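Work out the full structure, taking the sequences as your base and the hints as a guide.
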Amino acid sequence: MSTFLGMPAAPPRSPFGTGNLRGDRTFPEAAHGELRNDQLRHNLGRATRTIRTKRLNVTGELPDWERLRDAGSAVKTDTMNRLPELLEQLEQKVTERGGTVHWARDGVEANEIVTRLIRATGSSDVIKVKSMATQEIGLNEHLEAAGITPYETDLAELIVQLADDKPSHILVPAIHRNRDEIRQIFLDEIPGVDPDLDNVPAHLAAAARAYLREKFMTARVAVSGANFGIAETGTLAVVESEGNGRMCLTLPDTLITVMGIEKVLPRYQDLEVFLQLLPRSSTGERMNPYTSMWTGVTPGDGPQDFHLILLDNGRTAALADTIGREALNCIRCSACLNVCPVYERAGGHAYGSTYPGPIGAVLTPQLAGMHAAKNDPNSSLPYASSLCGACFDACPVKIDIPSMLVELRHQHTEQSGTTVEKLAMKAAAGVMGKPKLFTAAQKAASLGRVVGGRDGTISRLPAPLSGWSDSRDTAAPPKQSFRSWLASAEGAETMRAAADEGARLTAETPEEDQ
Amino acid sequence: MRIGLFATCLGDTLFPEVVKSTAVLLARLGHDVVFPPDQTCCGQMHVNTGYQREPVPLVRNFAEQFGDSSIDAVVMPSGSCVGSVRHQHEIVAERYGDAALRAGVATVKAKTYELSELLVDVLGVTRVGAYFPHRVTYHPTCHSLRMLRVGDKPLKLLRAVEDIDLVELPEADSCCGFGGTFAVKNAETSTAMLQDKMRNISGTKADVCSAGDSSCLMHIGGGLSRIRSGTRTLHLAQILGSTRTAPYALMEAAR
Chain A
64 MSTFLGMPAA PPRSPFGTGN LRGDRTFPEA AHGELRNDQL RHNLGRATRT
114 IRTKRLNVTG ELPDWERLRD AGSAVKTDTM NRLPELLEQL EQKVTERGGT
164 VHWARDGVEA NEIVTRLIRA TGSSDVIKVK SMATQEIGLN EHLEAAGITP
214 YETDLAELIV QLADDKPSHI LVPAIHRNRD EIRQIFLDEI PGVDPDLDNV
264 PAHLAAAARA YLREKFMTAR VAVSGANFGI AETGTLAVVE SEGNGRMCLT
314 LPDTLITVMG IEKVLPRYQD LEVFLQLLPR SSTGERMNPY TSMWTGVTPG
364 DGPQDFHLIL LDNGRTAALA DTIGREALNC IRCSACLNVC PVYERAGGHA
414 YGSTYPGPIG AVLTPQLAGM HAAKNDPNSS LPYASSLCGA CFDACPVKID
464 IPSMLVELRH QHTEQSGTTV EKLAMKAAAG VMGKPKLFTA AQKAASLGRV
514 VGGRDGTISR LPAPLSGWSD SRDTAAPPKQ SFRSWLASAE GAETMRAAAD
564 EGARLTAETP EEDQ
Chain B
39 MRIGLFATCL GDTLFPEVVK STAVLLARLG HDVVFPPDQT CCGQMHVNTG
89 YQREPVPLVR NFAEQFGDSS IDAVVMPSGS CVGSVRHQHE IVAERYGDAA
139 LRAGVATVKA KTYELSELLV DVLGVTRVGA YFPHRVTYHP TCHSLRMLRV
189 GDKPLKLLRA VEDIDLVELP EADSCCGFGG TFAVKNAETS TAMLQDKMRN
239 ISGTKADVCS AGDSSCLMHI GGGLSRIRSG TRTLHLAQIL GSTRTAPYAL
289 MEAAR
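Chains as they are written, first to last, in the working numbering: chain A, 64 to 577; chain B, 39 to 293.
By construction, these hints were calculated from the structure, which means they are not laboratory data. Treat the hints with caution; some may be incorrect.
[To be verified] One side only, chain B facing chain A, incomplete, derived with CB under 8 Å:
1. Leu52
2. Val57
3. Lys58
4. Ala61
5. Val62
6. Ala65
7. Pro95
8. Leu96
9. Met185
10. Ser212
11. Cys213
12. Gly215
13. Glu226
14. Thr227
15. Gly260
16. Ser263
Every value quoted in this text rests on a predicted model; they were computed, and no experiment measured them. By construction, the Cβ of each residue, glycine as well, lies at the ideal position given by its N, Cα and C atoms.
Right, dumping it as structure tokens:
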């Protein structure tokens, strides 16, 4: 007698993340407006070109750059393969050294924890270090709704915050603004600013500095992200350029750090790899000006109350994908944005997510899903690439973004049921899979000559090809395909003549002429 | 050498002159060119658009047509189709194929070359006896540059062409904006990329912009024709196929 034990089912997928991980329009719709913004295109073109050159200079000078990339990739892959144990080790070490560790399933939980911790201090404002994780979960909006005022202290983040804008670049959040716009934002939004403020960058920075200095000296609570968290020692690290981070991490009584769980590294020594990879890839500098590291609480020095919030928000869901998990290796350097021809034209806002550019196009759909509703904007992200591959070459941890984009496109079509496009693809494959049908279709295509104009070009095509023909002429199909030419008397004669010439040349020149 | 010629669906149907030039060039270099008659398409468009089940018959057909051990090497005048054979066929076979397909794909992949790779690496020739007395600039297509790493092989071949006036293309390694169905799905972004590419091409004052992919050239050429730039596009194979005895008759592009 046998007992039916049921069929094994796949375990439920981990929940997707919440927060600023989905735009309200598809990429082509959002890009439509951005492409018409000449200021944006000019700024982006100039800025990305400058950073590209700097990056190539400082990566090219290292004889072991490729081996550093290999090492970075290997450490991150190892990390992802044993993420749970490393996170528990990190928690243990941070706790041992006097910190408190909190686990947040998603953005909602993380925001609640941060709010509760700030309220417990009795403070109604916080200073912030630039952090992608808190952008991702929409912490500032949440705090404001709870009556707590967050002050961004990174210059570009401050500009974005004062303008009630959104960042458009991972490293340079205000890349879409020029100095005249920034001057106006400061005049409008900074209380007591010199009304004669001009647009000289040093003067603009000085105005921000005076404004922020007062915040640094009075704030009792700071919120930061983390670039790295070392499991072995419980050490957190923040890498920055302006020194505002150092201020936030050392001056207040209470420090709350929100860190994505993928930011953990196994060993302290691993920093020797990443502190070379990160600055060279992101700002094109050999070394960044400020690297702050802290381990739990040091009595009498720095914040005496330290909280680490470990944020999942879709990362476990991404980890479950055998191909997509590689996106979690990202160290947020933004080199892929700076080399991406699509990002350079459309800008960061077109991606609708905290994470723009090539890495955003693969990370966002994995963190937040791409089938939340029909025509989910996130499902357009994997298609926002010409698959040119520049991102893969630039990535300091060798994330194969083009292959991942193709994989996500496949996942999208698999999820989408029957669509017009899928039927067309099936039909095309059906024809191309049968040589006789293919040959017949070629003959039919050559009839398309009749729609060609006198110069043999077609200047207008119907939807969905109208976007193509808006800016490109299409040559009318030729009279004869290659295969029918080859099968013709003319083809045979041409090939015979070429072969004869080849035989003659080979006989004349016994050795290849190089 | 016995060389299997894959015309590519686009080349066979829309750009037969490119395939003719490839075939004639290889024959002229003394090689035996075979054209397996039942070949069709590599399936790249399907895979790049997100479809991996549909191209299984195409991948199988390709492996069957060119798997024959009497074919020493397979060549195609397209970097991106070679990229598909090298990188995508095994993904499709692994996921939706059987053991026979996986074996077939691995066999044919190992002997598949883009035209400049075949000439320079396999046949060991850079001087192919070509003559092309015109000003030419070369756009290295993304897949040949970054997927196949053909490096400067196409330029080595072009530099050895008699009487050619080869000029460097500024920002040559940036994408022209084609990207297959990207040019349709994201037509406006694609156009913005194309505009920058065309500006760089026009600045060279070249008569011809050449590349190793008919698909990218269809995109660039379509744009150049629309703005009547005076520069036309021509595949690398057509320049290498032009000789003193049978020179390419370059028609002036519309201005």
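>> Of the numbered hints stated earlier in the document, which are not met by this structure?
In response: No numbers; nothing is violated.
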